[in-house]
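**Student:** Chain residues, written in single-letter form:
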Amino acid sequence: MIIVMAKNATTPLSKTPSGISGLDEVTQGGLPTGRPTLICGSAGCGKTLFGVQFLVKGILDYNEPGVFMSFEETVKDLSVNVKSLGFPLDKLAAEKKLRIDYVRVERSEIEETGEYDLEGIFIRLNHAIDSIGAKRVVLDTIESLFGGIENAAILRSELRRLFQWLREKGVTVVITGERGEKALTRQGLEEYVSDCVILLDFRVADQIATRRLRIVKYRGSEHGTNEYPFLIDDQGISVIPITSLQLNHSVSKEIISTGIPMADKLFDSGGVFKGSSLLLTGSAGTAKTIMASSFALASCKRNERTLYFSYEESKEQLLRNMMSVGINLRTHLQSGLLRVQSVRPSLSGLEMHLMMILKLMEEFKPQTVVIDPISSLLSIGSISEVRDILIRVIDMLKTKKINAFFTSLTQAGSSVDDSTVLAVSSLADIWIELTNDCREQQLGRNMRVIKARGMSHEMQPQPFSTTSKGIIDPRPLKK
Amino acid sequence: MKDKKDSAEKHSDDHFEEKMILQLYVSGMSPKSMEAIENIKRLCTEYLREAYELEIIDLYKNPGAAKEQQIIFSPSLVKTWPLPKKTLIGTFEDTEKVIKILGIKISE
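Protein sequence lines correspond, in order, to chains A and B. FYI, the working numbering numbers position 309 of the first sequence as 309, with every residue one higher than the one before it. FYI, the working numbering numbers position 62 of the second sequence as 62, with every residue one higher than the one before it.
Accuracy of the hints is not assured; some may be wrong.
[What the hints assert, rightly or not] Only pairs whose alpha carbons sit at most 25 Å apart, straight line, appear in this in silico BS3-like list of lysine-lysine:
1. Lys-91(A) to Lys-67(B)
2. Lys-96(A) to Lys-67(B)
3. Lys-32(B) to Lys-67(B)
4. Lys-86(B) to Lys-67(B)
[Unchecked claim] Residues from chain A that keep clear of chain B, each with C-beta distances beyond 10 Å, as calculated:
5. Asp-117
6. Gly-120
7. Ile-121
8. Ser-221
[As the list claims (entries may be wrong)] Under 10 Å between C-beta atoms, here's a sample of chain A residues computed to sit facing chain B:
9. Val-105
10. Glu-115
11. His-127
12. Gly-148
13. Ile-149
14. Ile-154
15. Glu-385
16. Arg-387
17. Asp-388
18. Ile-391
19. Asp-395
Treat the hints as calculated values from the structure; they're not laboratory data. We treat Cβ as the ideally placed atom computed from N, Cα and C, and that holds for glycine.
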């Protein structure tokens with residue numbers, strides 16, 4: 001989208017795509033066109049990268065030239081730092097699509113004697129903008145000026161004038177600011193830039209870094225108010241897209257099989273609703289993976305694309321083990337109907353996993369998704385964080401009417417008391433618990449439906465066995 | 001750069017005084033610009049007599065100079081010689097302070 005704009009003619013809701021993947025969904029279209037946006041956060045939170053990406057994507061994807069005014073990094077440092085992301089600053093500068101101006105503030109060299117203004121910056125910006133017809137401008141980090149001078153009052157009023165001038169100039173501006181102790185930025189820049197304020201946050205917990213983004217303010221526009229996880233990877237910043245956190249997805253009345261005939265019988269309808277989410281809990285060795293694989297197999301047999309996230313077993317291990325209970329997944333894997341994604345959760349942070357799940361869902365377009373087990377995610381995040389992530393996954397699954405099957409490992413005993421399970425169980429439509437118990441010196445297994453939204457179901461635990469033909473009811477057939 | 005050399009040579013030739021090299025960056029005919037020009041011109045003739053070179057640059061007419069010379073504020077007075085390089089900003093009405101910063105020795 002290219003917005004053609006006359007001076008002073010900004011319509012209130014005109015927006016400029018940010019170039020940050022996922023952010024435009026959160027802001028419902030992008031940053032306010034012709035106005036400044038403040039990006040604040042502590043050191044290392046990705047502010048500079050945000051600015052560079054805003055400009056580079058603006059040039060490459062929307063053909064809007066940009067000016068980068070750097071108060072911290074030299075032109076050379078900046079180019080080197082973003083090169084690994086494939087942002088060719090030198091090339092864009094050579095093509096006259098990008099102008100980088102490094103403003104050096106040297107406190108020891110500057111002495112103040114009387115009144116002055118910031119006209120040097122105005123002239124430099126104006127010259128740079130006009131020379132390439134820039135539509136986008138980044139000021140990174142203009143607050144550094146405060147370090148160079150004593151008279152902060154002059155600077156404040158000059159900055160106010162600068163932002164006003166930039167509005168009149170009709171350029172869309174990203175201003176970065178370092179997080180202050182009491183205010184959002186050290187110098188309270190948020191007072192001058194009141195159009196749009198975005199906060200970036202960077203936390204490290206248990207050696208795993210998580211990055212979050214929040215829209216603090218967006219004048220004249222609706223926006224999501226949550227903290228949105230974001231990633232910095234080889235493609236730059238991407239905010240994790242959340243389609244809608246509303247409960248307004250349409251539902252299906254179609255019944256599908258769980259892949260286990262005796263489990264289907266637990267429900268009066270003879271199966272579960274299509275597009276519902278199932279949670280299967282149980283302690284170690286209660287055949288959770290077998291049930292999950294049966295579900296995946298049933299999905300493949302219906303000719304549905306199936307995505308299986310295996311967090312504890314490798315792909316080959318899973319295929320071999322399931323073969324021993326009569327579940328042949330290999331043919332579907334070969335035909336491309338099934339995809340098994342096997343990865344240790346501790347390899348990356350929660351956000352990375354969420355991103356991977358969502359990216360694969362975009363790519364593969366499955367009709368069934370299995371995550372086995374979700375409890376492994378707890379090794380890299382707190383219960384509430386995992387719940388947060390799962391809400392997003394489930395929401396995405398629901399919107400796309402994808403069948404979901406999650407397993408969760410619990411401590412021995414009833415999983416109803418398990419806090420982890422409680423945190424996620426409310427998200428599931430159907431909750432089945434598997435238990436082991438020793439009766440008459442024999443190990444017996446039971447499955448019990450704890451809840452099933454909108455379906456009447458068997459309340460009693462039902463014994464089951466795993467055989468070379470999968471999960472069966474060991475009791476003789478009732479008459 | 002050539003100027004620097006000249007004044008260095010001059011310095012060794014006659015030990016009277018070094019030639020000070022100054023650039024004054026202003027933004028058009030703004031009141032602050034005019035005031036700065038006036039103050040600096042007066043200061044130079046009064047205290048430096050012949051021993052100075054002053055160049056006045058209007059940033060509006062020469063916008064590239066702001067980037068090249070790292071000018072942020074206006075008016076800015078840059079002393080490039082003798083070293084150390086100094087940048088003064090403001091209207092320079094405080095003559096004593098300016099003299100001190102520029103390192104002008106007053107021989108009354």
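**Student:** Now tell me, hint by hint, if it's right for this structure.
**Tutor:** Each hint tested on the structure:
Restraint check: the Cα-Cα separation between Lys-91(A) and Lys-67(B) comes to about 20 Å, which is no more than 25 Å; the hinted pair holds. Proximity of Lys-96(A) to Lys-67(B) is assessed by CA-CA distance (about 17 Å); at most 25 Å being required, the pair is judged to hold. Between Lys-32(B) and Lys-67(B) the alpha-carbon distance is near 21 Å, which keeps this suggested pair within the 25 Å criterion. Restraint check for Lys-86(B) and Lys-67(B): the C-alpha separation of about 17 Å stays at or below 25 Å, so the hint holds.
The beta carbon of Asp-117(A) sits about 6 Å from the closest Cβ of chain B, which is not more than 10 Å, so the claim that it is off the interface is violated. For Gly-120(A), the shortest C-beta to C-beta distance to chain B comes to about 4 Å, within the 10 Å cut-off, and the non-interface label is violated. For Ile-121(A), the condition that its CB be more than 10 Å from all CB atoms of chain B is violated, with the nearest at approximately 6 Å. The beta carbon of Ser-221(A) sits about 33 Å from the closest Cβ of chain B, which is more than 10 Å, so the claim that it is off the interface holds.
The interface hint given for Val-105(A) is met, as the beta carbon of that residue sits about 7 Å from the closest beta carbon of chain B, less than 10 Å. About 5 Å separates the beta-carbon of Glu-115(A) from the nearest beta-carbon of chain B, less than 10 Å, and the hint is met. A least Cβ separation of about 4 Å between His-127(A) and chain B falls short of the 10 Å threshold, and the interface hint therefore holds. The interface hint given for Gly-148(A) is met, as the beta carbon of that residue sits about 8 Å from the closest beta carbon of chain B, less than 10 Å.
Below 10 Å, beta-carbon pairs count as interface contacts, and Ile-149(A) has one with chain B at about 8 Å; its hint therefore holds. At about 9 Å, the closest approach between the beta carbon of Ile-154(A) and any beta carbon in chain B falls short of 10 Å, and the interface hint on this residue holds. Hint status for Glu-385(A): violated, given a least beta-carbon distance of 44 Å to chain B, over 10 Å. Hint status for Arg-387(A): violated, given a least beta-carbon distance of 49 Å to chain B, over 10 Å.
The closest approach between the C-beta of Asp-388(A) and any C-beta of chain B is roughly 44 Å, which is over the 10 Å cut-off, so the hint fails. Annotation: interface hint on Ile-391(A) violated; nearest CB of chain B at approximately 48 Å, more than 10 Å. With a least beta-carbon distance of about 49 Å to chain B, the hint placing Asp-395(A) at the interface is violated under the 10 Å criterion.
Checked against the numbered hints listed earlier, the structure breaks hints 5, 6, 7, 15, 16, 17, 18 and 19; every other hint is satisfied.
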